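Asks: In case you want the letters, here they are:
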Amino acid sequence: MYVYDEFDRTFVKERVNDFRGQVKRRLAGELTEDEFKPLRLMNGVYLQLHAYMLRIAIPYGTLSSKQLRMLGHVARKYDKGYGHFTTRQNIQFNWIKLEELPDAMADLASVGMHGLQTSGNCIRNITTDHFAAVAPDEIEDPRVWGEIIRQWSTLHPEFTFLPRKFKIAISAAKADRAAIRVHDIGLRLYENEAGEHGFEVMVGGGLGRTPFLGKTIREFLPKRDLLSYLEAVLRVYNQFGRRDNIYKARIKILVHEIGAEAFSKEVEAEWAQIKSGPLALDTITVADIVSRFQYPAYEALKDETEALESAKRDKQFETWYENSVAPHNQPGYAVVTVSLKPEGAPPGDATAEQMEKIAGLADRFSFGEIRVSHVQNLVLPHVAQRDLPELWRSLDALGVATPNVNLISDIISCPGLDYCSLANARSIPIAQGLTRRFRDLEKQRDLGPIHINIDGCINSCGHHHIGNIGILGVEKNGEEVYQIKLGGRSDSKAQLGELLGPAVPAGEIIDVVENIIDVYVELRKNPHERFVNVVHRVGLEPFKERIYAAH
Amino acid sequence: MPLIKDGRIVEDRFVRLDEEGPLPDVVPVLVPAERFLGNQAEYLAAKVPLGVLWPNNKRVSELEPYLGRLALIALHFPAFKDGRAYSQARILRERYKYKGELRATGDILQDQFLFLLRAGFNSFEVKKDADAAAFAEAAHRYSIFYQPTGDGRTTALRERLRRFHANKTSASVPDKEHAS
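Read top to bottom, the protein sequences are chains E and P. Residue numbering for the first sequence follows this note's numbering, beginning at 147 and increasing consecutively. Residue numbering for the second sequence follows this note's numbering, beginning at 19 and increasing consecutively.
Derived by calculation from the structure, the hints in this document are not laboratory data. Some clues are possibly wrong.
Here are the simulated DSS-like cross-link-like pairs (lysine-lysine), alpha carbons at most 30 Å apart as the crow flies [said to hold, decoys possible]: (1) Lys361(E) - Lys411(E); (2) Lys115(P) - Lys99(P); (3) Lys117(P) - Lys243(E); (4) Lys369(E) - Lys186(P); (5) Lys170(E) - Lys99(P); (6) Lys183(E) - Lys23(P); (7) Lys313(E) - Lys146(P); (8) Lys159(E) - Lys146(P); (9) Lys421(E) - Lys115(P); (10) Lys411(E) - Lys99(P); (11) Lys421(E) - Lys223(E); (12) Lys146(P) - Lys76(P); (13) Lys394(E) - Lys23(P); (14) Lys23(P) - Lys170(E); (15) Lys183(E) - Lys145(P); (16) Lys369(E) - Lys115(P); (17) Lys186(P) - Lys170(E); (18) Lys159(E) - Lys23(P); (19) Lys145(P) - Lys159(E); (20) Lys183(E) - Lys76(P); (21) Lys99(P) - Lys394(E); (22) Lys421(E) - Lys117(P); (23) Lys313(E) - Lys99(P); (24) Lys76(P) - Lys411(E); (25) Lys99(P) - Lys183(E); (26) Lys99(P) - Lys311(E); (27) Lys99(P) - Lys159(E); (28) Lys311(E) - Lys145(P); (29) Lys146(P) - Lys311(E); (30) Lys186(P) - Lys159(E); (31) Lys99(P) - Lys361(E); (32) Lys99(P) - Lys421(E); (33) Lys115(P) - Lys243(E); (34) Lys421(E) - Lys76(P); (35) Lys311(E) - Lys411(E); (36) Lys76(P) - Lys311(E); (37) Lys145(P) - Lys361(E).
These numbers were taken from a predicted model, which means no experiment stands behind them.
Excised from the complex, chain E in its bound form:
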C-alpha cells in the first residue's frame, strides 16, 4: 500500500484549511450557493435530497486498516452509523451537516484521506483492479501508475475546470476487473512482442444517457510517456470538449463527433510538443513512487491443500470458500472477497461496527490492508490459507460472508431516489426485492455468474448498461417504471446491453427478472453456459416473447 509522506500530509492539511475557509465564507453569505457549488464539489461535497453528502476518495480502492477504522468513526460521529461504498471504489456519507464537514474532513486528513476530486469537472479518483498486486494473471501492480496519475492530477491547475468530469481506470491483468472500456480513459498495461511493458490507451468510453465503449487511440504507449500523453489528451478535451450542453460535454461525445481518428491526430500533435518535457517519467522518478508502496512481508508458505480439504467438511465453509476466495500470486495465500450484499440490504452499505471489525480482521489476517471493489464489495487481499476457516467464522458473525460473489444477488446499485437528487426512481428497494426473491443460495449457485446492475436515473452510476441484466428506473406520468437491458458486460469482452422492450411497473420488475432467468435456464445448453453467453447466442427474442406476450 502507498505510504503518504510529509508532502502529502501537508497538502491534505492545506486542503482542509482551504475548505474550512470556503465553508466559512458560505455560512457568512460571502459566497452564494452558485459560487460555493463548484468549490464544495471539488471537495466531494454534494447537496442531496435530505442533506449534504460527503464522498471520500479511496485512491485505486486500497485502504489501510487505520483508514477503514477512521471511516467507521466518521460514520458513527458525523453520520447515522453507516457508509456506502460506491462503484467508483469510494465511500459516501449521506447525512453530514455542512457545519461539521470541515471537522469530519480534518479527522479523515489525520489518516491521509480526503474528498478531493471525487466530484466536480476534474480528473476523478483513479480506479483499478481490486485484485491489484495479488492477482496471478497480472503483469505488474497497476496502482503504481494509479498513484503517479493521482499525484499529477491532484489540483491540476489546467484541468480542474474541464467541460465535465473525467474518469481514468487502469488494468494490468488478463482479465479486466476494472471496466476500463467504459471510462473516459481506459489504460491496459500489457507486455508487447518486444517484451516491454506499456499501455493501450482507450478514450471516450462511458455510460450515462449516451453509452459508448472506449476506442483505442494508441496501441502501445511506453510507460515513460504516460503523463505527457494524458496531458495531451486532457488539453485537447479541455479546449474542444463541448460546454454548451451538459449532456454532451463528456469526452465520449467529442470523440464521437469528430471521430477517433481526428481526435487521435489532435492528441498526437499536442503530445509531440510536450513529450520530451518535464512530464517524461524517468526511471528514478518511478522508482521513488514504487519505493513508497509497502508490500506485505509474506511468509514462505505452501498451498494448504490438505488442511483446506478437511475444513471443507463443513459445508457452509466449503460453499463460502468456493465462492468468495480467489487465488493469490503467493503460495499459501488467498484473496478473500467480503460480500456487502446480504439478503435484503442496500448493496455496498457497511455499518460503523462492520468497518471497525473488518479493519481488525485485516490487521489479524491481511497485513492491515483492505480493497474496495467497483462491484461494491470489500476485499482482504493477503490472507494465509491456514487462516481462512477462522476468518470465515468472524466474517460470518459480522454478516459479511454471504457466499454470493458474482452471483445473481451480488447486485450493483446506485443510491437512487432514496438519497440522490438526480434520481427519477428508487433502485435500492428493487435490489433488496431481488435478493429476497433469489434468496436460495443453492439456486443462485446453479444459475452461475449473473451480474444485475440497477440505476435510478440515466446518469448510470449503477452501470446498468454493462450489467448482464441492466435495470434502469425512469419516471413516467408520476410512476416509477423500469427498463431492462440484457447482455451487457464489463470484462475484457466489454459490451453494452440491448434494450429488451417497454418499461415495466415497479410492482412487476421482480417477476420479470425471474421470468428472464427461467428462460435462461430453459435455453442453456448445459449448467455451465453462462447467462450472458446464452443471451448472445439466442438473442433477445425468446426473452421478449416470454416477458411481453402475456401483456
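Starting from the known structure of chain E, arrange chain P on it as the hints suggest.
Replies: Showing chain P alone in chain E's frame:
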C-alpha cells in the same frame, strides 16, 4: 472591478476598445480579437502599447505571429467553471514563450488565483473587492504542488528526490522542473 498585477492592486492603464470607434494614439489599448484580426496592420503600426482580448474558443496559435508586439493578452473566463483559458495560457507561456502581461478577465474569484498563477497569468480582473484583498493569502494557501507547469514551482516528486539525494550524497538532482 479591481485589477491585480504582479501581486498588487493597480490602476488599469489599458483603455478597452469596443468593436468600433477610433483608435486613441496616446494610451495603451486593449482590442477585441475580431477587431484586431480584421485590421492587424493598423494596430501593429500604432505607437501605443497594444493588448488583445482573446476569446476562449479560438486557438491561441493564431496569435503567434504577433506575440512580440503585444504588451497584454487578456483571456476570458465567461464563467468560473469554464476552464478553457487555462490551456490557452499555458500554451502561450510554455510553447510560444509569450513574455508580456497575461490577464484573466471575467468570472474571477479568489479560489482560482493559484490555478491561474500556475497556468502563467500575472494579472487578474477580480469580481469582488474582498477577493482582491485576499490575493496574497489565497496565492499561498498551498505549498505542495504535484505537477510541473511553466511557473517553475518544484513538484513534490522532484523535491522528494532532491532531499533524498541531498541526504545521501549531498549532490543535488538536476532540476528538470522548469518547462522549456
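Asks: Next, verify each hint and record whether it holds.
Replies: Hint check results:
no.: 1; hint: Lys361(E) - Lys411(E); in the structure: holds, 14 Å
no.: 2; hint: Lys115(P) - Lys99(P); in the structure: holds, 26 Å
no.: 3; hint: Lys117(P) - Lys243(E); in the structure: violated, 47 Å
no.: 4; hint: Lys369(E) - Lys186(P); in the structure: holds, 27 Å
no.: 5; hint: Lys170(E) - Lys99(P); in the structure: holds, 21 Å
no.: 6; hint: Lys183(E) - Lys23(P); in the structure: holds, 28 Å
no.: 7; hint: Lys313(E) - Lys146(P); in the structure: violated, 33 Å
no.: 8; hint: Lys159(E) - Lys146(P); in the structure: holds, 27 Å
no.: 9; hint: Lys421(E) - Lys115(P); in the structure: holds, 17 Å
no.: 10; hint: Lys411(E) - Lys99(P); in the structure: holds, 27 Å
no.: 11; hint: Lys421(E) - Lys223(E); in the structure: violated, 48 Å
no.: 12; hint: Lys146(P) - Lys76(P); in the structure: holds, 28 Å
no.: 13; hint: Lys394(E) - Lys23(P); in the structure: violated, 37 Å
no.: 14; hint: Lys23(P) - Lys170(E); in the structure: holds, 27 Å
no.: 15; hint: Lys183(E) - Lys145(P); in the structure: holds, 17 Å
no.: 16; hint: Lys369(E) - Lys115(P); in the structure: holds, 28 Å
no.: 17; hint: Lys186(P) - Lys170(E); in the structure: violated, 44 Å
no.: 18; hint: Lys159(E) - Lys23(P); in the structure: holds, 29 Å
no.: 19; hint: Lys145(P) - Lys159(E); in the structure: holds, 28 Å
no.: 20; hint: Lys183(E) - Lys76(P); in the structure: holds, 28 Å
no.: 21; hint: Lys99(P) - Lys394(E); in the structure: holds, 16 Å
no.: 22; hint: Lys421(E) - Lys117(P); in the structure: holds, 23 Å
no.: 23; hint: Lys313(E) - Lys99(P); in the structure: holds, 18 Å
no.: 24; hint: Lys76(P) - Lys411(E); in the structure: holds, 19 Å
no.: 25; hint: Lys99(P) - Lys183(E); in the structure: holds, 10 Å
no.: 26; hint: Lys99(P) - Lys311(E); in the structure: holds, 12 Å
no.: 27; hint: Lys99(P) - Lys159(E); in the structure: holds, 24 Å
no.: 28; hint: Lys311(E) - Lys145(P); in the structure: holds, 26 Å
no.: 29; hint: Lys146(P) - Lys311(E); in the structure: holds, 28 Å
no.: 30; hint: Lys186(P) - Lys159(E); in the structure: holds, 28 Å
no.: 31; hint: Lys99(P) - Lys361(E); in the structure: holds, 28 Å
no.: 32; hint: Lys99(P) - Lys421(E); in the structure: holds, 28 Å
no.: 33; hint: Lys115(P) - Lys243(E); in the structure: violated, 48 Å
no.: 34; hint: Lys421(E) - Lys76(P); in the structure: holds, 24 Å
no.: 35; hint: Lys311(E) - Lys411(E); in the structure: holds, 23 Å
no.: 36; hint: Lys76(P) - Lys311(E); in the structure: holds, 23 Å
no.: 37; hint: Lys145(P) - Lys361(E); in the structure: violated, 42 Å
Checked against the numbered hints given earlier, this structure breaks hints 3, 7, 11, 13, 17, 33, 37; the rest are met.
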